[in-house]
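Residue numbers (my numbering), protein chains in the order written: chain A, 20 to 211; chain B, 20 to 211.
Simulated from the structure, these hints should not be mistaken for laboratory data.
Some clues are possibly wrong.
It does not matter which identical chain is used: a pair holds within one copy or between any two.
DSSO-like mimics (lysine-lysine), calculated; alpha carbons at most 27 Å apart, straight line [said to hold, decoys possible]: (1) K76 / K187; (2) K105 / K117; (3) K209 / K105; (4) K105 / K187; (5) K209 / K76; (6) K117 / K209; (7) K76 / K117; (8) K105 / K76.
Given the structure is predicted, the values throughout are model-derived calculations rather than measurements.
Number of protein chains: 2
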Amino acid sequence: MQSHIQPVDLDRGGRLINHGPTVLVSARHDDVENVMSVAWCCGLDFDPPKLTVVLDKTAQTRTLVENSGRFVVQVPTIEQVGLTNKLGTMSLYDDRDKLVHSGASFFEMPGYEMPFLTGCSAWLACSLIPEPHMQEEYDLFVAEVTAAWADDRVFRNGRWHFETSDPKFRSIHHVAGGQFYAIGEARNAKDL
Amino acid sequence: MQSHIQPVDLDRGGRLINHGPTVLVSARHDDVENVMSVAWCCGLDFDPPKLTVVLDKTAQTRTLVENSGRFVVQVPTIEQVGLTNKLGTMSLYDDRDKLVHSGASFFEMPGYEMPFLTGCSAWLACSLIPEPHMQEEYDLFVAEVTAAWADDRVFRNGRWHFETSDPKFRSIHHVAGGQFYAIGEARNAKDL
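Only chain A is shown next, with the shape it has when bound in the complex:
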């Protein structure tokens, strides 16, 4: 699988999340690592790309982000719906073996001191831009994307190819309570 992970030019990195998928946020600090599901992740700027994520105060991943100043945003596939749901409902505070019990596994990206989740379709390495008021008041975190990668079986030449790729790579979009939609058919406004 990892042979399919290819770098994405930073000026195209925002396209990995522009269509609004539910994402997974992972971080590491002092040998503690964790990953959580985040429905509220959003683009903020183009080049260099910036993004926002909402991280609840009850989430241990938030503490890891605050302490390390960095995190990974990854885009899970429809094959990972069950995993994504577990990672959004279990807390490392309650279950020290959350990662084992949820089936999450990480890999290393040389030069990046962060845990990258296996089996996703895209990964964005993020550097926190501290905005203490927004973090405290709204749980909103701002970050700059410093590097990005994608699985070239579904994202290549700077764009998604969901419509011609194996359906197992489709991104998932959470509504509430474990109800997701996969991304669907392509439509180009220029063809109208």
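Given the coordinates of chain A, assemble chain B onto it according to the supplied hints.
For chain B alone, coordinates are given in the frame of chain A:
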């Protein structure tokens, strides 16, 4: 069409945008009204629901939002892909007849002094929460949702029904340069 517009309970209002659709932001001030496409709109809190939108400094809609302190976030359908693309590429600053030329038409919601775009699947009336630093530095606007409505042919009983509704109601998710994806098949993590 408007007979299908039903109020949505505020504690379910966030579900209208949780799945990450491209939205249209409309506002009115001093008899000037406008609407623009926004790919970067995101949930921020549940009850009362809050959201964020990114409004570029070149957009006249931004000025209307800043001056009136309120705006509507609406969810366009796949039938509105062409309209959505036009509303994201034309500026009222360049074309005073943008609304006529794009084919946008508004309706009134009694009690709400804002323009609501005809033909969408959901509407969220928003009240700006001023965060001057975020607005200036990141073009990021925070708002509280004060009321919400949806077309009951695709959203009812507090949830989307894309999978059993006419496909013309599917939400659209912009990637870049007029390339969109419609929302696709449903998948419930509880069924796995």
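Outcome of the hint check:
Taking the shortest alpha-carbon separations for K76 and K187, neither the intra-copy value of 33 Å nor the inter-copy value of 39 Å comes in at or below 27 Å. Proximity of K105 and K117 under a CA criterion of 27 Å is satisfied intra-copy only: 9 Å inside one chain copy versus 46 Å between copies. With identical chains, the CA atoms of K209 and K105 are at most 27 Å apart between copies only, with a shortest distance of 10 Å across copies and 39 Å within one. Proximity of K105 and K187 under a CA criterion of 27 Å is satisfied intra-copy only: 19 Å inside one chain copy versus 32 Å between copies.
For the identical chains of this complex, K209 and K76 are inter-copy neighbours only, at 26 Å across copies versus 43 Å inside a copy, given an alpha-carbon limit of 27 Å. Proximity of K117 to K209 under the C-alpha cut-off of 27 Å is restricted to the inter-copy arrangement: shortest distance 19 Å between copies versus 46 Å within a copy. When the C-alpha separation of K76 and K117 is checked against a cutoff of 27 Å, the pair qualifies only within one copy, where the shortest distance is 18 Å, while the shortest distance between copies is 44 Å. Taking CA atoms no more than 27 Å apart as the test, K105 paired with K76 passes inside one copy only; the shortest distance there is 18 Å, against 40 Å between copies.
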